[in-house]
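Enquirer: Chain residues, written in single-letter form:
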Amino acid sequence: MMLSDLATVIRSKNAGPFELTFDVLFANQDDYQQVVASKQLSAESFAELYAIELADVLSVVEFEPALAIKITIKRARSSGAFGETDVYGAQQHAPLLSLWIPN
Amino acid sequence: MKQHISILSPTAILGYGFPESSFRAGMARLPNAIAVDAGSTDPGPYYLGSGQSFTNREAVKRDLALIIEAGLDAEIPVLIGTAGGAGAAPHLSWCLEIVNDVLVELNQTARVAHIESDQMANDLITALHQHRISPLGPVPSLTVADISESTHIVAQMGVEPVIAALKEGAQIVVAGRCYDPAVFAAVPVMQGFSEALALHMGKILECAAIAAIPGSGSDCMLGTLDASGFVLEALNPDRRCTVTSVTAHTLYEKSDPRLLPGPGGVLDLTGCQFEQMDDRRVRVTGTQFVKSDQYTIKLEGAKPVGYRTISLAGIRSPDLIAQLDTVLESVKDQVFQNFGEIETAEVKLLFRCYGRDGVMGELEPMRQAQPHEIGLVIEVVAKTQALADTVCSFARSTLLHIGYPGRQSTAGNLAFPYSPSDSSHGLVYEFSVYHLLTVDDPLTPFPRRMQQLGIRS
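For the record, the sequence lines run as chains F and X. With our numbering applied, the first sequence corresponds to residues 1 to 103, in that order. With our numbering applied, the second sequence corresponds to residues 1001 to 1457, in that order.
Honestly, the hints are just simulated from the structure, not real lab data. The reader is advised that the hints may include incorrect statements.
Listed next, the in silico DSSO-like pairs over lysine-lysine satisfying Cα-Cα at most 27 Å (straight line) [said to hold, decoys possible]:
hint, chain 1, residue 1, chain 2, residue 2
1, X, K1002, F, K74
2, F, K74, F, K39
3, X, K1348, F, K74
Chain X regions said to be covered by chain F (calculated; three or more residues, Cβ under 8 Å) [said to hold, decoys possible]:
hint, stretch
4, 1033 to 1047
5, 1216 to 1227
6, 1251 to 1265
7, 1346 to 1353
Just so it is clear, CB atoms sit at the ideal spot from N, CA and C, and this is done for glycine as well.
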């Protein structure tokens, strides 16, 4: 299944002007646990998906109380600096939608 | 000590509006303070750098008129955090002027405290030499040049300066750059409630009804704190707080949802319990606040990087789209050859290709498909507006008529939606400071001033 079939929210946003954070939220334990167990949202797979250095994936947090997985990366440039494409960082999530999650 | 204390949060950002019915419902609950966040770094470096507000004056005035009238009537404090959007001196003046206008129109007078958050360059350079400044996350180390080139550098205050202003009798507090929860937590902390719970409640209230479902940044939320926890309630009957909506909000715009650092310590949410009380209310317990050995405050600064000019155009020719990068490179070469005397450091030229990678830039993984049209932005940032205009104009006319192999549409390469085709943006900025400063005490960096505003009757 694709991640967008399992998650209810897949979003990106600045976490301060130098970091970009991605939230993946689930409606129930089963969907959340399936994605956690698949290990497809690891630092390594995220770095590969977005073609960034592994060191630029700053954290991956599985936060069960919110049935959420959170990935934070270093921004390519600070928000609004020359070459910026997304000042708020709100449209960087799309590659996650079709991430394949095995059963 | 009271058993309960309630804080009303009318809107996520002052000027984003709220339904009057929700606000009246909130006032009917007899809150102990009205607090509102007025700022954010989200809209980018321009607003801090230039001293402008990203919110509209009329919209801010509309919100403040309702808030101030209700606060004075109920004899409860009104607290505004990160006034004017970024909290620097020009933003504070802008907000104070609106507060005064509102008071005059209400034919009222009030004791208004304002708290400055600007940090002087000389003090920061001294602090830098004393190794009291460190980067916050993946941020370059601070240099003396970063400090001296910045137009405004502010620090985020904690609850302490806000409490001091309240103790001095302020009816309205207009605070410069604040740690977002500070204006929400100040009254509860002053009255002896748990700092951990008050700050956590503030973390959620600062976005008002965004933490409800359906979420909204333009609607009211009430937080009620007691000795062991706090309760969140959306004031519009069409919205509800659920465990999911509140915990999901805990993640918003933060890198780690469990440990939230702020002035003087870290909020630890690891042991938090979120409990659905009824259909519409959620109770939160178990938050810890771990005080740090040294009190640190977050610095934010922005510096000018030049003047921007842009030109917007579309491309529909498949043959040009197929070799776009090569063509854009030759345009760049021609521009810099034509103005041989221009130092490349003085001018930056960029082509954005919407429809291809305009949104994600280097993060875009879809590189194989050829789009049928491209939205092109020619962008120049240069040390003067005249230079930016000149280079943008030349790049635009060069690209319009440049030849390329197999070209059939020889009348022009670009579709312009506008005449004039180019727009000048003026001075633009970038974030230059995003660092932690260690201070001796939480009050000194944030001087306060009290004045009577409005009309004396």
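Enquirer: Taking the hints in turn, state whether each one holds.
Expert: Each hint, compared with the structure:
no., hint, in the structure
1, K1002(X) to K74(F), "violated, 45 Å"
2, K74(F) to K39(F), "holds, 21 Å"
3, K1348(X) to K74(F), "holds, 23 Å"
4, 1033 to 1047, "holds (count 6)"
5, 1216 to 1227, "violated (count 0)"
6, 1251 to 1265, "holds (count 8)"
7, 1346 to 1353, "holds (count 3)"
In summary, the numbered hints that this structure violates are 1, 5.
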